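*Asks:* Respectively, the protein sequence lines represent chains A and B. Throughout the first sequence, residue numbering follows the numbering used here, covering 3 to 330 in sequence. Throughout the second sequence, residue numbering follows the numbering used here, covering 3 to 330 in sequence.
The set of hints was computed from the structure by calculation and includes no laboratory data. The reader is advised that the hints may include incorrect statements.
[Stated by the list, open to error] A short list of chain B residues far from chain A (calculated; beta carbon distances all over 10 Å):
no.: 1; residue: D70
no.: 2; residue: M122
no.: 3; residue: I182
no.: 4; residue: F229
no.: 5; residue: P259
[What the hints assert, rightly or not] Okay, derived cross-link-like pairs now, BS3-like style, lysine-lysine, Cα gap no bigger than 30 Å in a straight line:
no.: 6; chain 1: B; residue 1: K21; chain 2: B; residue 2: K251
no.: 7; chain 1: A; residue 1: K24; chain 2: A; residue 2: K187
no.: 8; chain 1: B; residue 1: K188; chain 2: A; residue 2: K311
no.: 9; chain 1: A; residue 1: K21; chain 2: B; residue 2: K211
no.: 10; chain 1: A; residue 1: K299; chain 2: B; residue 2: K153
no.: 11; chain 1: A; residue 1: K188; chain 2: B; residue 2: K302
no.: 12; chain 1: B; residue 1: K302; chain 2: A; residue 2: K299
no.: 13; chain 1: B; residue 1: K211; chain 2: A; residue 2: K311
no.: 14; chain 1: A; residue 1: K69; chain 2: A; residue 2: K89
no.: 15; chain 1: A; residue 1: K251; chain 2: B; residue 2: K153
From a predicted model like this one, the values you see are computed outputs, not experimental measurements. Using N, Cα and C, we set each Cβ at its ideal position, and we do this for glycine too.
2 protein chains.
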Amino acid sequence: MKATAIANANIALIKYWGKRNKDLILPYNSSISMTCDGLWTKTTVEFGDYLEDTIVINDEELKKDEKDVQGHIERIRRMAGITKKAKVISESNFPVASGLASSASGLAALTLATTTAAEMNLDKKQLSILARHGSGSASRSIEGGFVEWLKGEKEDGSDSYARQITPKEHWPDFRMIACIVSEAKKTTSSRAGMAQTVATSPYYEGWLKSIDQDLLHMRDGIMKKDFTIVGSTAEHNALKMHATMTTTKPAIIYWQPATVEIMHAVMHWREQGLESYFTMDAGPQVKILCLEKDEKKILKNLSELDGLKKTIICRPGDAAQLTDKHLF
Amino acid sequence: MKATAIANANIALIKYWGKRNKDLILPYNSSISMTCDGLWTKTTVEFGDYLEDTIVINDEELKKDEKDVQGHIERIRRMAGITKKAKVISESNFPVASGLASSASGLAALTLATTTAAEMNLDKKQLSILARHGSGSASRSIEGGFVEWLKGEKEDGSDSYARQITPKEHWPDFRMIACIVSEAKKTTSSRAGMAQTVATSPYYEGWLKSIDQDLLHMRDGIMKKDFTIVGSTAEHNALKMHATMTTTKPAIIYWQPATVEIMHAVMHWREQGLESYFTMDAGPQVKILCLEKDEKKILKNLSELDGLKKTIICRPGDAAQLTDKHLF
Chain A
3 MKATAIANAN
13 IALIKYWGKR
23 NKDLILPYNS
33 SISMTCDGLW
43 TKTTVEFGDY
53 LEDTIVINDE
63 ELKKDEKDVQ
73 GHIERIRRMA
83 GITKKAKVIS
93 ESNFPVASGL
103 ASSASGLAAL
113 TLATTTAAEM
123 NLDKKQLSIL
133 ARHGSGSASR
143 SIEGGFVEWL
153 KGEKEDGSDS
163 YARQITPKEH
173 WPDFRMIACI
183 VSEAKKTTSS
193 RAGMAQTVAT
203 SPYYEGWLKS
213 IDQDLLHMRD
223 GIMKKDFTIV
233 GSTAEHNALK
243 MHATMTTTKP
253 AIIYWQPATV
263 EIMHAVMHWR
273 EQGLESYFTM
283 DAGPQVKILC
293 LEKDEKKILK
303 NLSELDGLKK
313 TIICRPGDAA
323 QLTDKHLF
Chain B
3 MKATAIANAN
13 IALIKYWGKR
23 NKDLILPYNS
33 SISMTCDGLW
43 TKTTVEFGDY
53 LEDTIVINDE
63 ELKKDEKDVQ
73 GHIERIRRMA
83 GITKKAKVIS
93 ESNFPVASGL
103 ASSASGLAAL
113 TLATTTAAEM
123 NLDKKQLSIL
133 ARHGSGSASR
143 SIEGGFVEWL
153 KGEKEDGSDS
163 YARQITPKEH
173 WPDFRMIACI
183 VSEAKKTTSS
193 RAGMAQTVAT
203 SPYYEGWLKS
213 IDQDLLHMRD
223 GIMKKDFTIV
233 GSTAEHNALK
243 MHATMTTTKP
253 AIIYWQPATV
263 EIMHAVMHWR
273 EQGLESYFTM
283 DAGPQVKILC
293 LEKDEKKILK
303 NLSELDGLKK
313 TIICRPGDAA
323 QLTDKHLF
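In isolation and in its complexed conformation, chain A is listed as follows (with noise of 0.2 Å):
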């Protein structure tokens, strides 16, 4: 009764925002990924003879009060019938908790361990809804790829799950350069964020209105390996987002200084014929979306500015796996 699991962190290229669904975690809006391979975590998962559960996380021993982790265990648990606590270590490679979907992908990796070292043998499909409760973003780090995670109608959200729209062989040219600016716990989480959102910005109703129309060009725009049509709706589809929590009550701004003199200098770029966009997750972080034929000269003129702490690269990753090299 035990597992390792790794999963890739993913970058939303249509953003989730917004639970209609809270308990079950279901969404206002359908959303579109890329799986990246550069960013991950990597979990182990033991049931046994202890006297209560332990979790590990990046060398850290959780606290009791921090539920999302411990909650997910522990339903996990009680569909698999079992009784036995869990001892659990987790590894990423990237910072926890500021902007870079480390919660994707270390409820995916959790999911597939937990449930594997269960016995449970779920298909895709189970283990993305699965993956959901956990954390939303999390149903999509269960495949690889180019991703949508269908928002569904069902009021049980058995049919909101992520499915892939392509794998990740067909576009490996596309890269996401991950620009992190500040490795700071960010002060208001994805999740409060999107709450107060929903509750009081008076434009998330056109958030809701215009998504269609982005997830229709980016599917088109994959499919077709159009990189402008995918790079153009993705940075407003992220400005987007942003508009949104700065024109809640009391406002959410993440984005800081050198945030905002990476995105112009990723528009100052492209009007010189540097093709690039930027989107940026609820944090200060800003993803870089380029072609590889641009990776050295974009990389090249990030070194020159002033805010910009670390780059990490991404290429379009692999779905969830299981692992026979244990933590512990």
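Since the structure of chain A is provided, determine the placement of chain B on it from the hints.
*Replies:* Using the frame of chain A, we list chain B on its own:
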């Protein structure tokens, strides 16, 4: 046939954003401003037997293709039924076209000076309507203190003018600290920015739907001298305006790194009990709202920030007025 007028810029607390009629400059929404005693334009107009109009703004002769000022003089000349050419000299004590409402003070002073030189003797409502034709926000700089520009309903614009909410004596300890972070001429004019917003932002509908509540709060806050209501409503309204811009196609992002630095600083001071709020117009400058009692502390805090070039402090200011000290 010579007159000199001085008019103050105004800072919108509820922004004018979007035209329902571009020729007559009629807005979709009413707006509220404070006339600023520290940011003025002084303009002398003389009609005489010149061969052509001469327009000098801040010691630079206006190019023929800068049509706003030229067109405004032509408009007034037609109304007055005179054919003589004009000599115009205008000076502002702050950078032009960088988001510090130079067109408001400029066109208000020009309206008063030109109509006086043309011996038209208009009342304030007529002056405000006429100034509006030159630049929408100029309609507000005709009046002093706290001012509302009524959007009006009529197609001919005869009910779209600014009137005073309270004179400057009502709230003498109200302060606006203009923080100049860039003196570069902005790349997208307010005029182009708002046209693009109305045409392409999915959030413009939300802007219009939520504006009446902002106006109500603002009038109420000003009448009661409730700084918390005025400040928080102004900040929310400014963020809403900028949010519409970032979601146009293509995006208009007026914020610079230093803009965001100051915004976060203000929010941080507020958390610590130093009550202040920010607002930004169509440019990178931040205007901090505070009360006189906190002015020194805020200036000291500002001096520790990186991106700030200079500050200008304004109190509620006077209406546009004639002066007998001519510029030439």
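*Asks:* Identify every previously stated hint that the structure contradicts and give their numbers, smallest first.
*Replies:* When the structure is compared with the hints, numbers 5, 10, 12, 13 turn out to be violated.
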